[in-house]
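Participant: This is what each chain is made of:
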Amino acid sequence: MDYFAFFAMPRKLTIDPAALEGQFHMLSWKLHPDNFVRASEFERNLSLERSSELNDAYRTLRDPLTRVEYLLEFLKVRKEGTTKQQAPSELLEEVFELNESLDELRDARAAGGDVAALRGRLDAAAQNFQAKLTEVDAELGSLGTQWDAAFDSGADDAKRSALLARMSEVLNRRSYIRNLVDGVQKEIAAA
Amino acid sequence: MGRVVGIDLGTTYSLIAYMDEQSGAPRTISGPYGSSLCPSVVSVDAKGRVIVGEDARNRLLTEPERTIYSVKRLMGRGVVDIQDELKIFPFRIDAKSDNVIRVVLGDKSFTAPEISAYILRELKSWAEAYFKEPVDRAVITVPAYFNDAQRQATKDAGRLAGLEVLRLVNEPTAAALAYGLHKQKRGHVAVYDFGGGTFDISILKLISTTEGDIYQVLATNGDTHLGGDDIDNALMDLTRNEIKAKYGVELDHRGEDVQTLRKSLIRAKHELSTAEKTLVEYPLGAKGMYSREITRTEFEKLIAPIVARTMAPAKMALTDAKLTPKQIDEAVLVGGSTRIPLVRKTVGDFFERVPHSELDPDEVVALGAAVQADILESGVKTMLLLDVTPLSLGIETMGGVIAKIIPRNSTIPASAQEMFTTGVDNQTAIDVHVLQGERELAKDCRSLARFQLKTPPGPAGLARIEVKFLIDANGILQVAAKDLRTNDQHTVEVQPSYGLSDTEIERMLEESIDFAEQDFAARQTIEARTEAESILAATDKALKNAGANVVAVDERETIEKSETELRTAMAGNDYKLMREKIDALNAATEHLAEVLMNGALQTALKGKSLDEF
Chain F
1 MDYFAFFAMP RKLTIDPAAL EGQFHMLSWK LHPDNFVRAS EFERNLSLER SSELNDAYRT
61 LRDPLTRVEY LLEFLKVRKE GTTKQQAPSE LLEEVFELNE SLDELRDARA AGGDVAALRG
121 RLDAAAQNFQ AKLTEVDAEL GSLGTQWDAA FDSGADDAKR SALLARMSEV LNRRSYIRNL
181 VDGVQKEIAA A
Chain Z
1 MGRVVGIDLG TTYSLIAYMD EQSGAPRTIS GPYGSSLCPS VVSVDAKGRV IVGEDARNRL
61 LTEPERTIYS VKRLMGRGVV DIQDELKIFP FRIDAKSDNV IRVVLGDKSF TAPEISAYIL
121 RELKSWAEAY FKEPVDRAVI TVPAYFNDAQ RQATKDAGRL AGLEVLRLVN EPTAAALAYG
181 LHKQKRGHVA VYDFGGGTFD ISILKLISTT EGDIYQVLAT NGDTHLGGDD IDNALMDLTR
241 NEIKAKYGVE LDHRGEDVQT LRKSLIRAKH ELSTAEKTLV EYPLGAKGMY SREITRTEFE
301 KLIAPIVART MAPAKMALTD AKLTPKQIDE AVLVGGSTRI PLVRKTVGDF FERVPHSELD
361 PDEVVALGAA VQADILESGV KTMLLLDVTP LSLGIETMGG VIAKIIPRNS TIPASAQEMF
421 TTGVDNQTAI DVHVLQGERE LAKDCRSLAR FQLKTPPGPA GLARIEVKFL IDANGILQVA
481 AKDLRTNDQH TVEVQPSYGL SDTEIERMLE ESIDFAEQDF AARQTIEART EAESILAATD
541 KALKNAGANV VAVDERETIE KSETELRTAM AGNDYKLMRE KIDALNAATE HLAEVLMNGA
601 LQTALKGKSL DEF
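Residue numbers (the working numbering), protein chains in the order written: chain F, 1 to 191; chain Z, 1 to 613.
A portion of the hints provided could be inaccurate.
What the hints assert, rightly or not - Some but not every residue of chain Z turned toward chain F, in silico, with C-beta under 10 Å: (1) E242; (2) I243; (3) E590.
Stated by the list, open to error - Covered stretches of chain Z (in silico footprint by chain F; criterion: 3 or more residues with CB under 8 Å from a CB of chain F, positions within the stretch not fixed): (4) 5-19; (5) 409-420; (6) 465-479; (7) 527-538; (8) 562-572.
What the hints assert, rightly or not - Coverage of chain F stretches by chain Z, computed from C-beta distances (three or more under 8 Å per stretch; other residues unrestricted): (9) 39-47; (10) 52-62.
The set of hints was computed from the structure by calculation and includes no laboratory data.
All C-beta atoms, glycine included, are put in the ideal place defined by N, C-alpha and C.
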């Protein structure tokens, strides 16, 4: 199912939210099951199927992050839900430090020790990674712009593939950092 | 065909409404006592007769062991879920209850959908007396935060009451619809619905398009066990404790005495919405009279924690809608509990504006349901509701962890596809467990259903079964599975974790007195004829609108022949023959329906060439 085609939009990553919403509303008028309550079972099922696809497509394309994930999945660059759990090399040192602090926090908590100081350190680390998340998002945005430019200029397959591969890589990094931040926040909340 | 109505099946009161064609406005229908509020109370007398509404409410005082109120709290729930409630509510649970709770009323026991069906039938009879015509289709409202099982139980109740449930509509959404009609509002609307037993908050966006108004729900949240009942219980705790301390009298929470006290406390609660103080009196026989003044200040202090519990869902819904309180253009109050000044103040403070309450907070949900019923029935589309699923849908994966497949606040219908395969050689069945909720572990979420996917023996990982999970426009889950290797459509036997199976409902329908009295064949004939009428009308319309390029001459002939045959069958009384001809017509129009549906999509996309992409 090509979500971009559903909305009569090119496979580009910059989407005007108002235009997308407008299309969504127009298609909803036509496909929503409310229009088919007294229709035959066949039509009711068809409407249910098409309108759920419409809603799935809108939900996916509306959010810039799920949009790029979808594009990569659709073009078979990555499989849904697959993320490398290995730390990106440039983050290795910081991740190592973070894990140490987390261990200390757990130990201190188990032993009933002072967690306040450790908590401060973890807060700082979480903020640090949060900042990296912003960087990654900016990078993803820039790659998106490049993708759209390549699309418009009709760039060759090699160039497109290279861009897609980089986006996939950045997404992996993003997902890794995201999990890290979530994990730290959970530990802080528990402490 | 009979009339179509909108029904608010509430915890404390239920109402029925219809669209008045002359005024173009929805109206509620009153019962024999002149009120549109039907107390959601059901009682069974010694002869086994069922009494509903005001008369049943009076029997709470005389025959509490044969009478039940707030049955909505039991809808779609299992015995383990309600242990806390049993301490407060006088529900008499049948020890034989399994995955469906059975409540004992006198010497029989009933499931919650059956009891709710009695309430629906009572309302249906009010409407039939008013119209002097049968009523057979309805839109029924449910709390927005109801899960799949609770929705299914409501739909089952409709079916048991002899109603075709055209749609389950979320209560706050229905209220927004009634208000929208009333005020022509635009922008972001927050609906704060604090009823007798449930609390909902919904954030909507109202949009004008060239085709009509769209009511799009952006986010919803709530608590299906928070309402006026809890306020009553807080007052009960206060007074019962005082009576015990002062007079040494302990009131059994299941007895009739406590119902008398409860009744006077509810009156006191109502009075405190306008008065600054009220007096509660309760006779204790030889021990004298318990007499107690309650001031509004004291009352507000008592209920503050309950009212505060509505704020977390309200904040969550706003966050999910990606809005701040300032961005809300209108706040609307729904539900009897919003008459309490503290509730109004809390909502006003939070949204930084005076909330609307022009429409009767008790009636507005039923009025909205009538509007939606009319929209669905008349085919005149000037309004469209786009609602959401309140809870994330997930499947259990290894280690009891949930994998979310449809996030909460997704517009419905919504779907997700998942691929399943075998983990070990020669495995022939794959277990799937579907849940609803926001927590990470399966044990903390609501189990909806379990089913097994069958596959022929083979090496591990060879099986490829695609399961499609679809949440329909009622917020109810449907599951379909397909074996991608053989392209076979699997039938999935979904065993609901808490609820009635189709077979059980069929049996209940057969056993129910109403239908036993009627001639089964006659009912079948009427139903088949109704269905035939609507299919014929739809087909005629489709043929009229379809040009020669859409439907070939021979296809048109086949369809018209099927139509004629169905019309001939309708002239007789053989419902089996009618069914046969209905199926034949359906089959004959499949291609046409598909073409028209795709045509709608094509028209929508017209002006843009697909080659561009």
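Participant: Against this structure, judge whether each hint is valid.
Facilitator: For each hint, the structure was consulted:
Taking 10 Å as the C-beta cut-off, the interface hint given for E242(Z) is violated, the closest approach to chain F being about 40 Å. Checking I243(Z) against chain F: minimum C-beta separation of about 43 Å lies over 10 Å; hint violated. Hint on E590(Z) holds. Least Cβ distance to chain F is approximately 5 Å, under the 10 Å limit. Only residues whose beta carbon comes within less than 8 Å of a beta carbon in chain F count, and the stretch 5-19 of chain Z has 0; fewer than three means the coverage is violated.
Given a C-beta distance limit of less than 8 Å, the hint that chain F covers the stretch 409-420 of chain Z holds, as 7 residues qualify and 3 suffice. Evaluation of the coverage hint for the stretch 465-479 of chain Z: fulfilled, as 4 residues show C-beta separations to chain F shorter than 8 Å, against a requirement of three. Counting residues of the stretch 527-538 of chain Z whose beta carbon lies closer than 8 Å to any beta carbon of chain F gives 4, which meets the minimum of three for the stated coverage. Beta-carbon proximity to chain F at under 8 Å applies to 0 residues in the stretch 562-572 of chain Z; the threshold of 3 is not reached and the given coverage is violated.
Remark: the stretch 39-47 of chain F is confirmed as covered by chain Z, as 7 of its residues place a Cβ nearer than 8 Å to a Cβ of that chain, reaching the required three. Here's how the stretch 52-62 of chain F fares: 6 of its residues keep a CB closer than 8 Å to some CB of chain Z, so the rule of at least three is met and the hint holds.
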